[in-house]
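Asker: Starting from the structure of chain A, add chain B where the hints point.
Residue numbers (our numbering), protein chains in the order written: chain A, 1 to 417; chain B, 418 to 834.
Any given hint might turn out to be false.
Covered stretches of chain A (in silico footprint by chain B; criterion: 3 or more residues with CB under 8 Å from a CB of chain B, positions within the stretch not fixed) [said to hold, decoys possible]:
hint: 1; stretch: 130-138
hint: 2; stretch: 241-255
hint: 3; stretch: 283-289
Straight-line distance between alpha carbons at most 25 Å, and here's what the computed DSS-like set of lysine-lysine pairs gives [to be verified]:
hint: 4; chain 1: B; residue 1: K423; chain 2: A; residue 2: K320
hint: 5; chain 1: B; residue 1: K562; chain 2: B; residue 2: K423
hint: 6; chain 1: A; residue 1: K6; chain 2: B; residue 2: K737
hint: 7; chain 1: B; residue 1: K790; chain 2: B; residue 2: K815
hint: 8; chain 1: A; residue 1: K90; chain 2: A; residue 2: K42
hint: 9; chain 1: A; residue 1: K145; chain 2: A; residue 2: K6
hint: 10; chain 1: B; residue 1: K680; chain 2: A; residue 2: K263
hint: 11; chain 1: B; residue 1: K531; chain 2: B; residue 2: K562
hint: 12; chain 1: B; residue 1: K629; chain 2: B; residue 2: K501
Since the hints were made in silico from the structure, they are not lab data. For clarity, every value in this text was computed on a predicted model and none was experimentally measured. From the three backbone atoms N, C-alpha and C, an ideal C-beta is built for every residue, glycine too.
So you can see what is in the structure, the chains are spelled out below.
There are 2 protein chains.
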Amino acid sequence: MSKSIKNIGLFGFGQVGQGLYTVIQQSGYTGASIRKIVVKNKEKTRIVSSDLLGYDKNEILDDQDIDIIVEAIDDSKEAFNIVKAALEKKRLVVTSSKKMVAENFSELIELQKKHNATLLYEGSVCGSIPVIQLLDRYFRHEQLKSIQGIFNGTSNFILSRIFNENLHYEEALKQAQDLGFAESDPTNDVQAYDPKFKTVILAKHGFGVTLKPEEVINFGIDNFNAEDIRFAREHDFKLKVLATLIAEDGAVYAYVLPHFVGKNNKFYEIENEFNAVQIDAPYAGVQFYTGRGAGSLPTGLAVFNDVKDLVNGQHYAYEKSASADLTDETNLLLEIYFRYTDEKIKNGLNFISTSETDLPEGNQFIIGYVTLKNLKEQLPQIQSTGSVVIATGLRTLKSNQPLFTNHPFSTEEKTYV
Amino acid sequence: MSKSIKNIGLFGFGQVGQGLYTVIQQSGYTGASIRKIVVKNKEKTRIVSSDLLGYDKNEILDDQDIDIIVEAIDDSKEAFNIVKAALEKKRLVVTSSKKMVAENFSELIELQKKHNATLLYEGSVCGSIPVIQLLDRYFRHEQLKSIQGIFNGTSNFILSRIFNENLHYEEALKQAQDLGFAESDPTNDVQAYDPKFKTVILAKHGFGVTLKPEEVINFGIDNFNAEDIRFAREHDFKLKVLATLIAEDGAVYAYVLPHFVGKNNKFYEIENEFNAVQIDAPYAGVQFYTGRGAGSLPTGLAVFNDVKDLVNGQHYAYEKSASADLTDETNLLLEIYFRYTDEKIKNGLNFISTSETDLPEGNQFIIGYVTLKNLKEQLPQIQSTGSVVIATGLRTLKSNQPLFTNHPFSTEEKTYV
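One chain only, chain A, in its complex shape (with noise of 0.2 Å):
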């Protein structure tokens, strides 16, 4: 590549390929220009020239002048077809699709060696904040104790409205959908799919594990009802999603949840679509990150810095190792609160130490210590007969020590700042 100014082949003009194509636009940027975009859709009115447009995914993928190749397509299944023709052909790729990489992840750092071609995909995790690349390059050579975070812009958004407008969660998601924030179908928002996609791609650079997303669990807020909201408010708790991965007694256990947070733990002010993770590092200490975490601009940021970095020859080190030691899921221990209707469940996830009390509609819940594999094992049931877990504490059987101390009913007062 001795051209000065690089080509890049848009796939999709959504929300991340118009924010690509403003923040270029905007930026002066000099290195890379936008050549062609491939839609869909031929009927729909484009903010750009006719000339740039096209409808066939070969008249970028078999034009040899196309430099660079961004994949920022809907469907995740067309995304990864996309992507794995692009590194066939030894191009250098960005992708945002955190759900593609995520399942298809052995496959996409294998197609890269073979081909010697190079894949991003900065814009996956947390928007705006370049976690990815903090992690492949600045910690390459660290042995992390935690990531942790909220990485669904989505749902924090919803907890939010619920917490500090009041607002029912019907409202609540109808307000992130006429915002953008929220698909017609927002399960993997709302039912914390999404976020696990991420831990997926995070465990990998951070912890050099490579999982599947079916092995990490997810739970989400759609089953909370107007007892847990009480709940929370009655203990000057908020409600948010945190993705958690963490290395203990050789092995890194990762697992998506709501938390109940207090007053003293960071995440209590990320509000609305803000993103935030938080790093516990031995050298750096627990560094903490905040951003925009959805959006067309703060996600169309992250996908130029890709492609800058591609016109700079960089590419992930994919340096860490490690071996997943899932399989002793019995060792974490979660405190988690839970509310359920069938005791058949409860029963199930075989509560170690519990505190118990009714709820006045006959509803029921349990504050207690269960493994993971208890829960990972109900978890199923507990979301389809619209029963809820939300974390409030962790140790491990061997350590009997909280692991984070800025859980709510965490006996410990330090905090980590």
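Answerer: Positioned in the frame of chain A, the structure of chain B alone reads:
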């Protein structure tokens, strides 16, 4: 450089040098290793084999087998001599001396260009937070609105002890010295010269503005008395020394001053030796980063990352450029709490709008707006007479709107996140 392991020549084996040594040893990194450490004091017992040690700077500068030169000595004049000589020999160089970089910035950039050499200095600002590379790479093409932060771990540590443990300034300073955070002459830290040097460095990478340290006002914490602390406590404020860079009306303004911060301000909870930096960017939103800002290992980590970046052929882009219109310092209006003993200085400040109160002991304080220009002119007298300046707000003459909405007396309730 075709060798697979690069050789590092290290100047100095104090806090930073030992931190680098430890981080490399523990990292398992195989890209570079320390070949020679040149130190001043022959008598001191060192934790490394005497084979590694040398006492003449030419043992490193003249050794053609040394690929990367790390400068980590205390004396900023001698540091510049070493770095200059190394760049003239076309070497790859790392430094963490903020004073040296800030005082010789233009010449250091010129030397790199002229000799096709590279200098990196991530360890010079905010310890473990990789803020320079974020600005130089990730935010390279984004027109930033402002950068604000706690850049000095020592003064922040002292303020934490004063506010959280009711220590007197002298006791808190002594603790900081005992813990190795403050030097025996703490002037650079407590009078905020240190964060000023860092501000100069970030002005270049964040805004493309080349400032001289003497152009940026700095005021520290060593003049505070019990009345100032009481005033803060009564209003539920803490005191934090904030460095500020703000782009407004086509100019970039810079200053380092103590601030009253209320509970709605993100800097409120940054305690002890931690640093924090807030970057307000149009696409990314308000990004906020925290991490350890002082200490051997955090700085060692930053230097280690510079070494790795040099191994990977990285250099700073210095791509932003802007003319610093610092001549119009009458346009920036700082709202300050000013406690004074000499009416003349107060009159020299030429307060625009004020509210005045008498303090019990006959001291006097006043809160009101002054121009950055008048404050700069009076600052030497303010410092020498034991008077105190604490920022409480900011606006421009033209806009008449608060530029930061998280100031304690700000009329707007909006917080950033």
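Asker: CA of K680 of chain B to CA of K263 of chain A, is that 25 Å or under?
Answerer: Given pair K680 of chain B, K263 of chain A holds - Cα atoms ~11 Å apart, limit 25 Å.
Asker: Three residues or more, CB to CB closer than 8 Å: is that satisfied between the stretch 283-289 of chain A and chain B?
Answerer: holds (count 7)
Asker: Mind taking a look at whether chain B covers the stretch 241-255 of chain A? Criterion is 3 or more residues with CB to CB distance under 8 Å.
Answerer: As far as the stretch 241-255 of chain A goes, the hint is violated, because 0 residues have Cβ atoms under 8 Å from chain B.
Asker: For K6 of chain A and K737 of chain B, compute the direct alpha-carbon distance and say whether it is at most 25 Å.
Answerer: 21 Å, holds
Asker: For a C-alpha distance cap of 25 Å, please report whether K629 of chain B and K501 of chain B respect it.
Answerer: Holds, because 19 Å separates the two Cα atoms, which is no more than 25 Å.
Asker: Hinted pair, alpha-carbon criterion (25 Å max): K531 of chain B, K562 of chain B. Please report holds or violated.
Answerer: Cα-Cα ~32 Å, so violated.
Asker: Is the Cα-Cα distance between K562 of chain B and K423 of chain B 25 Å or less?
Answerer: Violated: K562 of chain B and K423 of chain B sit about 40 Å apart, past 25 Å.
Asker: Within a Cα-Cα threshold of 25 Å, do K90 of chain A and K42 of chain A meet the stated pairing?
Answerer: Given pair K90 of chain A, K42 of chain A is violated - Cα atoms ~29 Å apart, limit 25 Å.
Asker: Measure nothing beyond the straight line between the CA atoms of K145 of chain A and K6 of chain A; if it is 25 Å or shorter, mark the hint as holding.
Answerer: Outside the cut-off at roughly 40 Å; violated.
Asker: CA of K790 of chain B to CA of K815 of chain B, is that 25 Å or under?
Answerer: 15 Å, holds
Asker: How does the stretch 130-138 of chain A fare against chain B when you require at least three residues with a CB closer than 8 Å, holds or violated?
Answerer: holds (count 5)
Asker: Under the criterion that the straight-line Cα-Cα distance not exceed 25 Å, is the pair K423 of chain B, K320 of chain A satisfied?
Answerer: Holds, because 21 Å separates the two Cα atoms, which is no more than 25 Å.
Hint check: violations occur at hints 2, 5, 8, 9 and 11; the rest are consistent with the structure.
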